[in-house]
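Undergrad: Produce the entire structure from the sequences given, and follow the hints as far as they go.
Sequences listed follow chains C and X, in order. Here the working numbering is used: position 97 in the first sequence is 97, and no number is missing along the way. Here the working numbering is used: position 31 in the second sequence is 31, and no number is missing along the way.
None of these hints come from the bench; they were simulated from the model. Among the clues, some could well be false.
Within a straight-line C-alpha distance of at most 30 Å, the following computed DSS-like cross-link-like pairs (lysine-lysine) qualify [stated by the list, open to error]:
| # | chain 1 | residue 1 | chain 2 | residue 2 |
| --- | --- | --- | --- | --- |
| 1 | X | Lys41 | X | Lys66 |
| 2 | X | Lys41 | X | Lys14 |
| 3 | C | Lys109 | X | Lys55 |
| 4 | C | Lys42 | X | Lys66 |
| 5 | C | Lys2 | X | Lys64 |
| 6 | C | Lys2 | X | Lys66 |
| 7 | C | Lys2 | X | Lys14 |
| 8 | X | Lys14 | C | Lys42 |
| 9 | X | Lys41 | X | Lys20 |
| 10 | C | Lys42 | C | Lys56 |
| 11 | C | Lys67 | X | Lys41 |
| 12 | X | Lys14 | C | Lys70 |
| 13 | C | Lys42 | X | Lys20 |
| 14 | X | Lys14 | X | Lys55 |
| 15 | X | Lys41 | C | Lys56 |
| 16 | C | Lys70 | C | Lys56 |
| 17 | C | Lys2 | C | Lys67 |
| 18 | C | Lys42 | X | Lys55 |
| 19 | X | Lys55 | X | Lys66 |
| 20 | X | Lys55 | C | Lys2 |
| 21 | C | Lys42 | C | Lys2 |
| 22 | X | Lys14 | X | Lys66 |
| 23 | X | Lys64 | C | Lys42 |
| 24 | C | Lys70 | X | Lys41 |
| 25 | X | Lys14 | X | Lys64 |
Each chain, written out:
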Amino acid sequence: QKEVEQDPGPLSVPEGAIVSLNCTYSNSAFQYFMWYRQYSRKGPELLMYTYSSGNKEDGRFTAQVDKSSKYISLFIRDSQPSDSATYLCAMSIQDNDMRFGAGTRLTVKP
Amino acid sequence: GAVVSQHPSWVICKSGTSVKIECRSLDFQATTMFWYRQFPKQSLMLMATSNEGSKATYEQGVEKDKFLINHASLTLSTLTVTSAHPEDSSFYICSANRDGFSYEQYFGPGTRLTVT
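TA: As structure tokens, this is what we get:
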């Protein structure tokens, strides 16, 4: 079993839709949870990070962590074509031990 | 701020040769840098963690004699793929850690290596 599971998609939605991206994990020791966005042929860029359980909102993006279910989510409201990218979840126990999901390819169609 | 560059952005080399990839933090000092490889449609796989002035820590299954990492200064780390083979063809991405927390990693744009 992989430490971090993420459905690779692809996921295609119309512009304006609410997008839900999810990851599950097996190691209950993870306590830092991140979402990265990666455009084609580019390095990932940090979108959101959350420590332990709870929600965090930043503009159109909301990150949720449910440690009891070992499940994290990223919601994108009012999705735009510019949101089309691969979204990677990542998590770590402490410094310097980040583990990534496989990434979900998202396409937002105008 | 927090810009990381990589050079070259893509490279083609012949089997058996060595290739060096540079990773630079342009506007901050990076005490820790990370090297990842990414195959098409797959996740980033951490290869090694390097701290300035000390030996890199390699992940299990990564050959340290094949993937030489040097972190000579607080703004530069290099990855040398020695005696490259076609199976080493991949996308190599570095990241730099500014504040000592792994979530504060800033990624470079990646280097696409093709070994013929």
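Undergrad: All hints, please: hold or fail.
TA: Right, here's what the structure says about each hint:
1. The hinted pair formed by Lys41 (chain X) and Lys66 (chain X) meets the criterion: a straight-line CA distance of about 24 Å does not exceed 30 Å.
2. Distance check on the hinted pair: Lys41 (chain X) and Lys14 (chain X) sit about 25 Å apart at the alpha-carbon level, within 30 Å; holds.
3. At roughly 47 Å between alpha-carbon atoms, Lys109 (chain C) and Lys55 (chain X) are farther apart than 30 Å, so this suggested pair is violated.
4. Taking the CA atoms of Lys42 (chain C) and Lys66 (chain X), the gap is near 25 Å; set against the 30 Å cutoff, the hint holds.
5. Annotation: proposed proximity of Lys2 (chain C) to Lys64 (chain X) holds, straight-line Cα distance about 24 Å (limit 30 Å).
6. Restraint check for Lys2 (chain C) and Lys66 (chain X): the C-alpha separation of about 26 Å stays at or below 30 Å, so the hint holds.
7. Distance restraint check for Lys2 (chain C) and Lys14 (chain X): the Cα-Cα separation of roughly 34 Å exceeds the 30 Å cut-off, and the hinted pair is therefore not satisfied.
8. With a CA separation close to 24 Å, the supplied pair Lys14 (chain X) and Lys42 (chain C) stays within the 30 Å bound.
9. Proximity of Lys41 (chain X) to Lys20 (chain X) is assessed by CA-CA distance (about 24 Å); at most 30 Å being required, the pair is judged to hold.
10. With a C-alpha separation of about 26 Å, the suggested pair Lys42 (chain C) and Lys56 (chain C) falls inside the 30 Å cut-off, and the hint holds.
11. Restraint check: the Cα-Cα separation between Lys67 (chain C) and Lys41 (chain X) comes to about 27 Å, which is no more than 30 Å; the hinted pair holds.
12. Taking the CA atoms of Lys14 (chain X) and Lys70 (chain C), the gap is near 45 Å; set against the 30 Å cutoff, the hint is violated.
13. About 19 Å separates the Cα atoms of Lys42 (chain C) and Lys20 (chain X), which keeps this hinted pair within 30 Å; it holds.
14. The suggested pairing of Lys14 (chain X) with Lys55 (chain X) holds, with an alpha-carbon distance near 28 Å, which does not exceed 30 Å.
15. As the CA atoms of Lys41 (chain X) and Lys56 (chain C) are separated by approximately 28 Å, the hinted pair is consistent with the 30 Å bound.
16. Our distance criterion of 30 Å between C-alpha atoms is met by Lys70 (chain C) and Lys56 (chain C), whose separation comes to about 17 Å.
17. As the CA atoms of Lys2 (chain C) and Lys67 (chain C) are separated by approximately 17 Å, the hinted pair is consistent with the 30 Å bound.
18. Our distance criterion of 30 Å between C-alpha atoms is met by Lys42 (chain C) and Lys55 (chain X), whose separation comes to about 28 Å.
19. Using a Cα cut-off of 30 Å, the hinted pair Lys55 (chain X) and Lys66 (chain X) holds, with the two alpha carbons roughly 14 Å apart.
20. Note on Lys55 (chain X) and Lys2 (chain C): the hinted pairing holds, with a Cα-Cα distance of about 28 Å set against a maximum of 30 Å.
21. Only pairs whose Cα atoms come within 30 Å are accepted, and Lys42 (chain C) paired with Lys2 (chain C) is accepted, the gap being roughly 25 Å.
22. Between Lys14 (chain X) and Lys66 (chain X), the direct Cα distance comes to roughly 16 Å. Compliance with the 30 Å bound is thereby established for this hinted pair.
23. A hinted pair counts as satisfied when its Cα atoms are at most 30 Å apart, and Lys64 (chain X) with Lys42 (chain C) qualifies at roughly 26 Å.
24. Between the alpha carbons of Lys70 (chain C) and Lys41 (chain X) the distance comes to roughly 24 Å, so the proposed pair stays at or under 30 Å and holds.
25. For the proposed pair Lys14 (chain X) and Lys64 (chain X), the alpha carbon gap of about 21 Å is at most 30 Å, so the pair holds.
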